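*Asks:* Let the hints inform the model, and build the full structure from the sequences given.
Here the protein sequences line up with chains X and L, keeping their order.
For the first sequence, my numbering gives the first residue as 1, with consecutive numbering after it.
For the second sequence, my numbering gives the first residue as 1001, with consecutive numbering after it.
Hints were generated in silico from the structure; no laboratory data involved.
What you are looking at is a predicted structure, and each value in this text was computed from that prediction instead of being measured.
Beta carbons: idealized from backbone N, C-alpha and C, even for Gly.
There may be inaccurate statements among the hints.
Here are the in silico distance ranges between beta carbons for each label pair [to be verified]:
hint, chain 1, residue 1, chain 2, residue 2, range
1, X, Thr-478, L, Cys-1076, 26 to 32 Å
2, L, Leu-1101, X, Ser-268, 57 to 63 Å
3, X, Asp-440, L, Arg-1004, 32 to 38 Å
4, L, Asp-1046, X, Ala-554, 50 to 56 Å
5, X, Val-340, L, Asp-1046, 45 to 51 Å
6, L, Leu-1101, X, Glu-451, 30 to 36 Å
7, X, Val-340, L, Leu-1101, 55 to 61 Å
8, X, Lys-351, L, Cys-1076, 20 to 26 Å
9, L, Ser-1006, X, Val-340, 27 to 33 Å
10, L, Cys-1032, X, Ser-561, 39 to 45 Å
DSS-like, lysine-lysine: derived pairs with alpha carbons at most 30 Å apart [claimed, not checked]:
hint, chain 1, residue 1, chain 2, residue 2
11, X, Lys-405, X, Lys-317
12, L, Lys-1085, X, Lys-419
13, L, Lys-1063, X, Lys-419
14, X, Lys-254, X, Lys-230
15, L, Lys-1063, X, Lys-483
16, X, Lys-258, X, Lys-317
17, L, Lys-1085, X, Lys-439
18, X, Lys-110, X, Lys-31
19, X, Lys-405, L, Lys-1085
20, X, Lys-173, X, Lys-119
21, L, Lys-1068, X, Lys-383
22, L, Lys-1063, X, Lys-470
23, X, Lys-511, X, Lys-212
24, L, Lys-1122, X, Lys-483
What the simulated footprint calls covered on chain X by chain L, stretch by stretch (three residues with Cβ under 8 Å from a Cβ of chain L suffice, anywhere in the stretch; the number is not a length) [unchecked claim]:
hint, segment
25, 423-436
26, 440-452
27, 475-484
Listed below are the residues making up each chain.
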Amino acid sequence: MEHRIGVFVCHCGTNIAGVVDVKRVAEELAKYPGVAYSTDYLYMCSDPGQNLVKDAIKEHGLTGVVVSACSPTLHEATFRRAGAAADLNQYRVEMANIREHCSWVHRGDKEMATEKAIKIIKTMIEKVKQNEALEPISVPMTHRAMVVGAGIAGIQAALDIANAGHDVVLVEKEPSVGGHMAQLSETFPTLDCSQCILTPKMVEVSQHPRIKLLTYCEIDDVSGYVGNFKVRIKKKAAYVNRDVCNGCGLCIEKCPAKTASEFDEGLSERKAIYTPFAQAVPNQPVLDRDHCIYFESGKCGVCQKVCPVDAIDYEQKDEFLDEEVGAIIVATGFDLYPIVNIGEYGGGDIKDVVTSLQFERLLSASGPTGGVVRRPSDGEIPKEVVFLTCVGSRDPEGHMPYCSKVCCMYLTKHAMLYKHNEHDGQAYVFYMDVRTPGKDYEEFYQRAAEEDDVLYIRGKVSKLFEEDGKVMVWGVDTLTGQKVEIAADMVVLGLAMVPSATATELAKMLKIQMNQWGFYSEAHPKLRPVESLAPGFYLAGAAQGPKDIPEVVAQASAAASKVCALFAEKEYHREPIVAWIDEDECAGCRICISVCPYDAIEFDDEKEVARVQEAICEGCGARIAACPSATAQQRNLTDDQLYMMVSAALED
Amino acid sequence: MRLRLSTDSIRNASIERVEDLSGQALSSCYQCGRCSAGCPVVDEMDLIPNEVIRLLQFGQIKKVLRSKTIWICASCMQCSARCPKGVEFSSICDALRAMVLRMRLATPAVDAGNLSRVMVSKAPQMGVVSALRKLLNG
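*Replies:* Structural data, given as structure tokens:
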């Protein structure tokens, strides 16, 4: 075939043309073998620039195009579409990156930069000469989503997808949906009751005809790929037959065994058979065998005796369910940084030093004190309450380096609600910076200082210790340079937000990326904030990074809309730049199977050859490098192509 | 020495008096320091304006009443014109001077009666008026 390649050199304003002599580049390449047309233009990505490409393809009968401009991550799609519009197969359009790889890094040497640009373009001309005309791979898709975690993020995402007409499997490891939001008292900056705004959504997910709610369940295994995941779910033994239980609560009432309530953050007790809280969804108890007298000694059995519908089943075992879904949203939420790590603040041993979530429960009308703030040591109403921000956050040497984003706001809310409770009391907030980046947040903070006389003191507290029934707070006011101390009745720690304890294990199972602190990583920090780099996985909520409720809800809806966009097509279309294998040449050594990180290669036992599953292959190239007989090749990146590209680059 | 903060120490009667006399809410100040940054006589002050307010927020009235600052403030109002929270520092100084005089706590830093004729003739008229005004409690 005669090659008729078109070369289009972009100035990118002065980004490229300020360094590279683009005219000379275009002229030089016009002389290169196989080039039928070569030109330069100010902005190739503009409409006139794209038209230049389209017109030249038709006019000069081009068989391939090299757009010499920026990175293919930016405009490859633009020029592939332009090529396709002029009836040139889109995989015969390539980009030569002479901006990031050339002009931006060689500002000091225009001559060399120009020479380098010419070489970069020559390599891509050699590549495109041998590019096959390909079509995107179409893969059948299950139009059904899974959401892992049923806090506010998971609930919102599940509702949005279900309301768009797709079935959703919502999986929650706890006995009830709701997550941390169900524990909160009131929410900043409007002070609406957290449960009042959350419970309608909790009820909605449980009653939605398109949502299959699986509480007290965990993800056990995930296989498959985007559009076609197979998920094995462990339904933990609740020792309660959930098909029969009518939620009457008699078993809970009569159960004699008690333990610390997780929902009340240890500030109250629950029974061994329990629902976490009154509005739990589903309203069916689970039996915690670690604290059950029957499981401990074989005696008791009270719950079974009193149950009017015979729902208690001590023989129940964990069950496994298999679900097929096309996309998975991970919304596994956060935990607080362990208080035990903060030795200078008592490490959890000072009773009247509480965590922020404990204080939420003390403020909550449904909490252990009925919404009256009482200190844990003696139940007295505290008169001097100190709130500490950045406990474990913004501390790169000792704890977490990042800002947990919501602590300034919720501690301000705590101080305000405490003052609404106790008008004669005094609230102090120690801060490093008061961060209020949200609508109506700054006003909320100023209201706390002005109307509720919350005293903000700039400085990090050095230590807390007990003295005469008080918690002594030693700090400094860096604005005046004075050391200060407060004999507090109670201290509240704004502990750092960290990913949920189960997040790391889940990430490994799903093969999705995390940052060094265990927060799930988005595909692009600005432009793809709710997608994982692994296709088919989406992120929502604090599992991706600390954030407040409005942000979580917006992100969850964004993740849901990404899933809906995926489901808008009947089949999933993916890049055909994948590995292939010459079955006649394959020796069946199976080395490629061991190196493939995506489990994309199957072995044909009859023919004794390896075979690529195109739907799974990510085109990483690992198996091609590993193949000892060079029978494995990457489409449009064959050994021949690479050889010609390297030769072009090394030519004088 | 650590400064002991408590409900009683930070909201004492003197602080309430300052707020009453000045008509200013001390808690409005969020310590941006713009008042001090633009004050034309700040170099002569022993406590800069935002520092005065900060000490009052902590209930430290004595330190403030002893300071030269409240007598040096020329009531030019530059600070209040620029304050993002609408706090009038000069009114706070008015109140603090009044308290010093009424409590007979100390000799004011400026004694108009002792100004020499030469001084009076050379000093800008506003300066003399201002000095007298300070003695007459604004």
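*Asks:* Hint by hint, note whether the structure agrees.
*Replies:* Here is how each hint holds up against the structure:
| no. | hint | in the structure |
| --- | --- | --- |
| 1 | X:Thr-478 with L:Cys-1076: 26 to 32 Å | holds, 29 Å |
| 2 | L:Leu-1101 with X:Ser-268: 57 to 63 Å | holds, 58 Å |
| 3 | X:Asp-440 with L:Arg-1004: 32 to 38 Å | holds, 35 Å |
| 4 | L:Asp-1046 with X:Ala-554: 50 to 56 Å | holds, 51 Å |
| 5 | X:Val-340 with L:Asp-1046: 45 to 51 Å | holds, 47 Å |
| 6 | L:Leu-1101 with X:Glu-451: 30 to 36 Å | holds, 32 Å |
| 7 | X:Val-340 with L:Leu-1101: 55 to 61 Å | holds, 57 Å |
| 8 | X:Lys-351 with L:Cys-1076: 20 to 26 Å | violated, 54 Å |
| 9 | L:Ser-1006 with X:Val-340: 27 to 33 Å | holds, 30 Å |
| 10 | L:Cys-1032 with X:Ser-561: 39 to 45 Å | holds, 41 Å |
| 11 | X:Lys-405 with X:Lys-317 | violated, 42 Å |
| 12 | L:Lys-1085 with X:Lys-419 | holds, 23 Å |
| 13 | L:Lys-1063 with X:Lys-419 | holds, 29 Å |
| 14 | X:Lys-254 with X:Lys-230 | violated, 41 Å |
| 15 | L:Lys-1063 with X:Lys-483 | holds, 15 Å |
| 16 | X:Lys-258 with X:Lys-317 | holds, 23 Å |
| 17 | L:Lys-1085 with X:Lys-439 | holds, 19 Å |
| 18 | X:Lys-110 with X:Lys-31 | holds, 21 Å |
| 19 | X:Lys-405 with L:Lys-1085 | holds, 25 Å |
| 20 | X:Lys-173 with X:Lys-119 | violated, 56 Å |
| 21 | L:Lys-1068 with X:Lys-383 | violated, 36 Å |
| 22 | L:Lys-1063 with X:Lys-470 | holds, 28 Å |
| 23 | X:Lys-511 with X:Lys-212 | holds, 24 Å |
| 24 | L:Lys-1122 with X:Lys-483 | violated, 45 Å |
| 25 | 423-436 | holds (count 4) |
| 26 | 440-452 | holds (count 3) |
| 27 | 475-484 | holds (count 6) |
Taken one by one, the earlier hints fail for this structure at numbers 8, 11, 14, 20, 21, 24, listed in ascending order.
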